[in-house]
Amino acid sequence: MNTSDADIVLDVKNVCKNFKLYGDPVTGPAKAALKFWKRESYYKVFPAVTDISFTARRGEVIGIVGPNGAGKTTLLKMIAGLLPVDSGSITVRGKVSALLALGLGVHPEFSGRENIIYGGLLMGMSRAEIEKKIDDIVEFAEIGEFINHPFRTYSSGMRARLLFAISMSIDPDIMIIDEALATGDSYFVQKCQRKIQELCDSGATILFVSHNLYQVEELTDRCIYIRKGELQFDGPTRIAVDTYIDDIHDEASVTLATKTLQSRSAQKVNGTGDVIVEEATFSVDGEPTNQLQIGHAAKLILGIEALRDLHGCTVGIELLSHKSLTTYAFVQLFDYGADEQKLRAFDLPKGRHEIVLDFNHVFIGDGAYSATIELYSTDHDYKYSHDTTYCRYENFLSFHCTYRNKRIFGRGTMCEVPVGGVSITAIPSAKEGA
Amino acid sequence: MRQVDNERAQHHQPDKRDGFSLIMFTVIARLTRSLFGNWQFACAMAGRDALALNRGSLLGLAWLAVRPLIQVGAYVVIVSYVFQTRLGEQQGRFDYVLYVLSGLVVWQMVQRALEDAPSLLRDRMDIVKQMAYPIETLPVTTMLAHVTAPAVGLCTYMVLALVSGKLTWSCLLLPVPALLLAALLLGLSWSMMIVGVVIKDLREVIAVILGLLVYVSPVLVAESMVSDTMWVLLMLNPLAHVVIAFRDVLLGTFHPSSWAVFAVMSMGSLLFGAWLLDHMKQTINEYL
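Taken in sequence, the protein lines are chains X and R.
Each step along the first sequence adds one to the number in the working numbering, with nothing skipped, and position 124 is 124.
Each step along the second sequence adds one to the number in the working numbering, with nothing skipped, and position 46 is 46.
Because the hints were derived from the structure by calculation, they are not lab data.
Honestly, I wouldn't trust all of these hints.
To be verified - Simulated coverage check for chain R against chain X, where a stretch passes if three residues somewhere in it have a Cβ under 8 angstroms from a Cβ of chain X:
{"hint": "1", "stretch": "222 to 233"}
{"hint": "2", "stretch": "275 to 288"}
Unchecked claim - With beta-carbon atoms standing in for the labels, derived distance ranges:
{"hint": "3", "chain 1": "X", "residue 1": "Asp24", "chain 2": "R", "residue 2": "Thr168", "range": "55 to 61 angstroms"}
{"hint": "4", "chain 1": "R", "residue 1": "Gly47", "chain 2": "X", "residue 2": "Ser89", "range": "50 to 56 angstroms"}
{"hint": "5", "chain 1": "R", "residue 1": "Val163", "chain 2": "X", "residue 2": "Ala33", "range": "48 to 54 angstroms"}
{"hint": "6", "chain 1": "X", "residue 1": "Phe36", "chain 2": "R", "residue 2": "Gly47", "range": "25 to 31 angstroms"}
{"hint": "7", "chain 1": "X", "residue 1": "Asp136", "chain 2": "R", "residue 2": "Val163", "range": "33 to 39 angstroms"}
{"hint": "8", "chain 1": "X", "residue 1": "Ile8", "chain 2": "R", "residue 2": "Ala207", "range": "36 to 42 angstroms"}
{"hint": "9", "chain 1": "X", "residue 1": "Ile8", "chain 2": "R", "residue 2": "Asp126", "range": "30 to 36 angstroms"}
{"hint": "10", "chain 1": "R", "residue 1": "Met225", "chain 2": "X", "residue 2": "Ala101", "range": "53 to 59 angstroms"}
{"hint": "11", "chain 1": "R", "residue 1": "Cys43", "chain 2": "X", "residue 2": "Asp24", "range": "55 to 61 angstroms"}
Nothing here was measured: the structure is a model prediction, and the numbers come from that model.
C-beta atoms are modelled at their ideal positions from N, C-alpha and C, and glycine is treated no differently.
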C-alpha cells in the first residue's frame, strides 16, 4: 500500500459532536433561539460522537460496526457534510456520495424512467450522465416494460429493486453505504451484494455500515468499531468484529434478553390446580444462577406443593427462545425402553416437595429463554388440555445460555451437537471386491 | 450539472478576524457561484415540482396557464364592468384595469414566494437530511415553479395595454425591478426558510400578514382614490414600494423615493439572507 499523504482521501481528526436534547421538542428550539442569553437552560447536551480520528486512503473499503445509537450515522453525516462538527476537523478530497436512505425524492405519480432521472439529479449526477446509465439501471432493476408506468403501480419488490439500482448507479470517489440498502427477494439481495462487492473492487473509497457482520467481514479488510460515540477499535475486520461481539455478549445480549423475556413474562397459570409450583431455579456447580453455558451440567430445582395425592405424574418444560416466536424445545422425561419411549412417571404425595432435574449437558442454542413449567398426568398421551394437566405456569423462569467461547455468534438458533468419536472405515469398492 | 466542491474541509473555527465586508463578499461570491453552478439543477427541480403538482390530471401542465388566465380574466371583468371604478374623470375604463393588473402581477409573485418560503426546508426534510442538497437553490426552484401565474398576468397586461394604446417604451426597463425583486425575494426566502425550521408558526404569520397587507397597499387603490393621510399610511407598507416601482416601469411614471426604498430593502434582505444561510447551512440540519 502506498503510504504517501497524497493517497489520503478522508482525514477525520478528533471529531466531536454533541446533540441538544430539548426539554420540549416543539417550543424548546424556538425558545433557545429567541432567548439566546439563557440558551443553555432549555436543553441537555448529549454527546453523540466523542473524539474520533481516522484516515482513509484511496481505494480502501472500511467497515463501520457498532450497536444502535453508537453514533455511526452521525459520523457518516458529518463526513458527507450534512451536519457540522462541534470540534475537530474532517478533510475530504473528492466527491462524496452518501446512501443513507433509499427512495429519496421518489414521486409515486412519476414513471420509473422519470424517477430515475430526478433521483439521479438529486444524487448529484448530470442529465447526460443519467441518460448514459439509464439502460443499465433499468436492466439491473429488472422491471422491464413497467419502466414507463407510474411508480405507484409497482409491487414492493419492484420498488426496492428500482431504488437500489438508482442508488448504486453513482460512481463517486468516496461512497458511504448505510445498512439495509439491500432489500427485496433473496435473489435480488444476492445481486445487490455482488454489486456492492463490485463497487468495493472498483477502486472507490467506501465506508460500509452494516449490522450484518458476515457481510462486513466479507467485504472489508479494515473495520472501525464505535461504541457510545467513542472509537473502540480501528484495524483488521476480524479483530474489530470479535471485539464487538465480545461486548455485545457482555452486556447488550443480556439486556436485550431480559427485555425480551420481560415482555413475554405475562404469567398465565392453567390446569386443574392440583399442584402449585412455588419456585424454579437453575443451579450450576451448586450456585443458583440464570446463566447457563452450553455443554455444561446444570440442575433445575423445582419447589412444589401437591394439594392432593397424585399418581403417575411427570414434568414438562417448554422453552421459548428470544430468537424465535414458536416453542423452541419441549423437555420431557423419557425412559428409553427396549421397544418404545415411555414417560417417566412418579408419585407425588400431598405436601411440599423438591424436584431436581439433573442435566448432564445443556445442549441448546445460545440466547435467552423463558421456560414454561407444567406437571401433568401420564395416564393420557400428552396433549395439552385443562383436565390432564395439574398445573401449567407460562414463562415461569427465564435464563440465558451462552457459549464458553463467546466469539461464536448466532447464526440464528444453533445447537451444539457433541461428536462422541470419529471413526473412518474404508469401504472396499465394487471393482476391488470383484 | 450539480456543482460539487472538489476539496472540502470542515473546521470548527471559522475565521472571524476578517473584516465584515470581506466576509460578506466571500459569502455572496460563494452563493452566486453555487446558484449559477446549480442553475440547471434548480430548473429541473422546478420542472419536477410543477409536474408533480399536475401529474395524473387530464390537462396536465396546461393547468399552470389555465388557472391564472381564468383568475386574471375574472379580475378584468369584475374591475371594469362590475365595479366600474375609474381613476379620474378623464380616464377611460381600461386605465383602472391596467392599474390593478400591473399591481396584481407583482403582488402574486411576492405572495407566492413568501408564503412558500417558511416551509421550504421543512417540506423537503427527508431529502435535505440525507443528501448534500444545495439548499440555496430552493427559493429559486419554487419561484420558477410558480412563475407562470404572474407571467400570464403580465402577458394579459401587455396585450390589454397594446390594445388600448397605453403600452409605454419604459416597459423595456422591466428587467431592472425584476432583478431587484428577485434579490429581495431570494434574501427573504433564505432567511425565512431557516427561521421557519425552528419557528414553525412563521408560515401562518406570513400568510395572515400578506392576506391583510394586500388591502393596505396600492394594488387596488390609487393615490387619487384616497385621502392624503391614507396614502401615507399605505406607504408604510414596505411592499407598496415594490408595487409602485413596477408600476412606474409599466405605466411610464417615476417615484424616486419608492425606488430608493425598494433598492435598499432588496440589498439589505439579500445580504442578511446570504449571511444567515451561510451561517446556518449545516447547523439547520440538527433542527430538522
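Do the hints match the structure? See the list:
1. 222 to 233: violated (count 0)
2. 275 to 288: Answer holds; 5 residues pass the 8 angstroms Cβ test.
3. X:Asp24 - R:Thr168: 55 to 61 angstroms: holds (57 angstroms)
4. R:Gly47 - X:Ser89: 50 to 56 angstroms: violated (38 angstroms)
5. R:Val163 - X:Ala33: 48 to 54 angstroms: Since the Cβ atoms of valine 163 (chain R) and alanine 33 (chain X) sit about 53 angstroms apart, the hinted range of 48 to 54 angstroms holds.
6. X:Phe36 - R:Gly47: 25 to 31 angstroms: The hint (25 to 31 angstroms, Cβ to Cβ) is violated, given that phenylalanine 36 (chain X) and glycine 47 (chain R) are roughly 40 angstroms apart.
7. X:Asp136 - R:Val163: 33 to 39 angstroms: violated (55 angstroms)
8. X:Ile8 - R:Ala207: 36 to 42 angstroms: Hint violated: Cβ distance 51 angstroms, outside 36 to 42 angstroms.
9. X:Ile8 - R:Asp126: 30 to 36 angstroms: holds (32 angstroms)
10. R:Met225 - X:Ala101: 53 to 59 angstroms: holds (56 angstroms)
11. R:Cys43 - X:Asp24: 55 to 61 angstroms: violated (41 angstroms)
Hint check: violations occur at hints 1, 4, 6, 7, 8 and 11; the rest are consistent with the structure.
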